[in-house]
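One letter stands for each residue in the lines below.
Number of protein chains: 2
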Amino acid sequence: MTYAAPALIACDWGTTNFRMFLFGTDGEIIARHAANIGLKNLGVLSFEQALASVMKDDFDRPDLPILLSGMVGSRQGWAEAPYVACPAGLKEIVAGLVTAQSDKLKVKIVPGLSSQNADTGIHNVMRGEETQIYGCAGPKGEGVFLLPGTHSKWAKLEAGVITGFSSYMTGEMFSLLKSHSILGDLMADDIDDVDAFKLGVDRAMNDKSFLSLIFSVRTEGLFGKIAPQSLSSYMSGLLIGSEVRVEILRHGVRPVGIIGDGTLSKLYKRALEHTGFSEVTIHDGDTASAKGLWAIAQQAELVL
Amino acid sequence: MTYAAPALIACDWGTTNFRMFLFGTDGEIIARHAANIGLKNLGVLSFEQALASVMKDDFDRPDLPILLSGMVGSRQGWAEAPYVACPAGLKEIVAGLVTAQSDKLKVKIVPGLSSQNADTGIHNVMRGEETQIYGCAGPKGEGVFLLPGTHSKWAKLEAGVITGFSSYMTGEMFSLLKSHSILGDLMADDIDDVDAFKLGVDRAMNDKSFLSLIFSVRTEGLFGKIAPQSLSSYMSGLLIGSEVRVEILRHGVRPVGIIGDGTLSKLYKRALEHTGFSEVTIHDGDTASAKGLWAIAQQAELVL
Chain U
90 MTYAAPALIA
100 CDWGTTNFRM
110 FLFGTDGEII
120 ARHAANIGLK
130 NLGVLSFEQA
140 LASVMKDDFD
150 RPDLPILLSG
160 MVGSRQGWAE
170 APYVACPAGL
180 KEIVAGLVTA
190 QSDKLKVKIV
200 PGLSSQNADT
210 GIHNVMRGEE
220 TQIYGCAGPK
230 GEGVFLLPGT
240 HSKWAKLEAG
250 VITGFSSYMT
260 GEMFSLLKSH
270 SILGDLMADD
280 IDDVDAFKLG
290 VDRAMNDKSF
300 LSLIFSVRTE
310 GLFGKIAPQS
320 LSSYMSGLLI
330 GSEVRVEILR
340 HGVRPVGIIG
350 DGTLSKLYKR
360 ALEHTGFSEV
370 TIHDGDTASA
380 KGLWAIAQQA
390 ELVL
Chain L
90 MTYAAPALIA
100 CDWGTTNFRM
110 FLFGTDGEII
120 ARHAANIGLK
130 NLGVLSFEQA
140 LASVMKDDFD
150 RPDLPILLSG
160 MVGSRQGWAE
170 APYVACPAGL
180 KEIVAGLVTA
190 QSDKLKVKIV
200 PGLSSQNADT
210 GIHNVMRGEE
220 TQIYGCAGPK
230 GEGVFLLPGT
240 HSKWAKLEAG
250 VITGFSSYMT
260 GEMFSLLKSH
270 SILGDLMADD
280 IDDVDAFKLG
290 VDRAMNDKSF
300 LSLIFSVRTE
310 GLFGKIAPQS
320 LSSYMSGLLI
330 GSEVRVEILR
340 HGVRPVGIIG
350 DGTLSKLYKR
360 ALEHTGFSEV
370 TIHDGDTASA
380 KGLWAIAQQA
390 ELVL
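In the order they appear, the protein sequences are chains U and L.
In short: position in the first sequence from 1, add 89, done, that's the numbering used here.
In short: position in the second sequence from 1, add 89, done, that's the numbering used here.
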């Protein structure tokens, strides 16, 4: 197999994860690399040192333009790329690109997006997800995209513009409740219990109060209604269902693209299909990041 | 001052707290004692040993009937006093009294209550709070009672019968989020900021999704809308408001008796008054326990 000449190094650089891609002039990926240099693992290394340390072999090309997205653009990152306010498309994102300080490298950082709720005035923010959305939808895409995770996001894209999005603390809440609350006490030998999960989703769909509903994890265990090994699935159903309920109010039941990897995406797909969504597609998160970085690089004319 | 002859020793014995009262034949309290022998602090002591260790001075009366309420009647307690199902009045509670195993002491334990939601089938449970409610309302009382705490409770009493109640994980959730989640990261030098608290309550009243709303603690901090020292008050308002919103749906705006102590009761009162409740009374939690234990002892004819 022959490749086009290398044209761009691009990285999805988050708090935990770091993934690097080498693109050819035709936009195909020549090489990929993952490393343990997420923001919280940098130790004494500067961002420039950390990046230089992984630019070996195929990636030993300090002459190429480098494009980064994710938490590397936050206040705790290499250089702060201030949030661009929604509605925002590729053009607005590119206008917000920031140059990172470096002696040897030509580094640009993709800004995150912010979205203000018109009713409440509350802000939401994302960093990295905007890149994945464009990687799936393309510059002129449409639709609703769900990005599960620690703080999951639901974004709406209209004619290539991200018009708004919401964040939910679902993933972090699950960990908190399981590891640090009384609800985790009765859990043991977790299995993936589909029925318990769906019961949780059903109850969340009719729910009026999260703080009351979630306490049922304890009482259902205490009264022997749900077995210890299924309580984790039940709680997962309650949490994910709680998110789906509100998004149905917001967008109705319509096609949804899930961007992410593995188990969590499948759980969301299960919850969506159980509540009547018929067109749910899972997109690989890494591929979405890579394609999005390329789309932004093209729009920014970092590549021709 | 002269006292009637001692007639009863009664204790509110919970996971953390232990409070003991000596009653005269006229129902007046002759002596009170608090000790650090909550269930989680028993160490190697048996329940009988722990109780005997605090029965000194005025309380050195192993001949008297002893009545206990709270978590001491749970599966992890001295003897399990199974939950009595609502609707339940003093008569049903007394029918559920359990005798604790003891060589020297005459010990009865008050059962907790369970309440099953007619729509969802979900159970709620309480232990100790039923005693406090009767201590405030008397045997034929009426009204809505709120018991703030780790797992707060809202109970409805009709003609002396507790017809049902709900639990909320509000207190535990506040600690979890503050100590273990990303939301605590931006908080510093907490003050009691009344305006930030009320903003939280207002937003909770219009809320559709707790998991989304609570994330605003982070974004409001991030965007500098709420100062670091006020974020804790804002989060407290969101959590308490979230509970009040649902209880307004359930019971409407009506007189509420808050049973509890100190700061937390005052925060709930502030939230209730801010959302239109005009008759909110705070009852001291210890006094409520003592009076309730006496009412149960009378109904059970442990005292004449």
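Careful: at least some of the hints might be erroneous.
One copy or any two copies: either way a pair holds, since identical chains are not told apart in the list.
[Said to hold, decoys possible] EDC-like cross-link-like pairs, simulated, lysine to aspartate or glutamate; straight-line CA separation at most 16 Å:
#1 K129 to D274
#2 K180 to E169
#3 K245 to D152
#4 K229 to D296
#5 K355 to D282
#6 K297 to D208
#7 K180 to D208
#8 K355 to E169
#9 K297 to E117
#10 K195 to D146
Hints listed in this document are in silico derivations from the structure and should not be mistaken for laboratory results.
All of these numbers come straight from a predicted model, not from anything done at the bench.
Checked hints:
1. K129 to D274: between (29 Å within a copy, 14 Å between copies)
2. K180 to E169: Neither: 19 Å inside a copy, 67 Å across copies.
3. K245 to D152: neither (37 Å within a copy, 73 Å between copies)
4. K229 to D296: neither (37 Å within a copy, 33 Å between copies)
5. K355 to D282: Cα proximity of K355 and D282: one copy only (13 Å, versus 43 Å across).
6. K297 to D208: Classified as between: cross-chain Cα gap 12 Å, same-chain 20 Å, threshold 16 Å.
7. K180 to D208: Answer is neither; intra-copy 27 Å and inter-copy 50 Å both fail.
8. K355 to E169: neither (34 Å within a copy, 42 Å between copies)
9. K297 to E117: So K297 and E117 fail the 16 Å test inside a copy (49 Å) and across (43 Å) alike.
10. K195 to D146: neither (19 Å within a copy, 81 Å between copies)
Comparing the model with each numbered hint stated earlier shows that hints 2, 3, 4, 7, 8, 9 and 10 do not hold.
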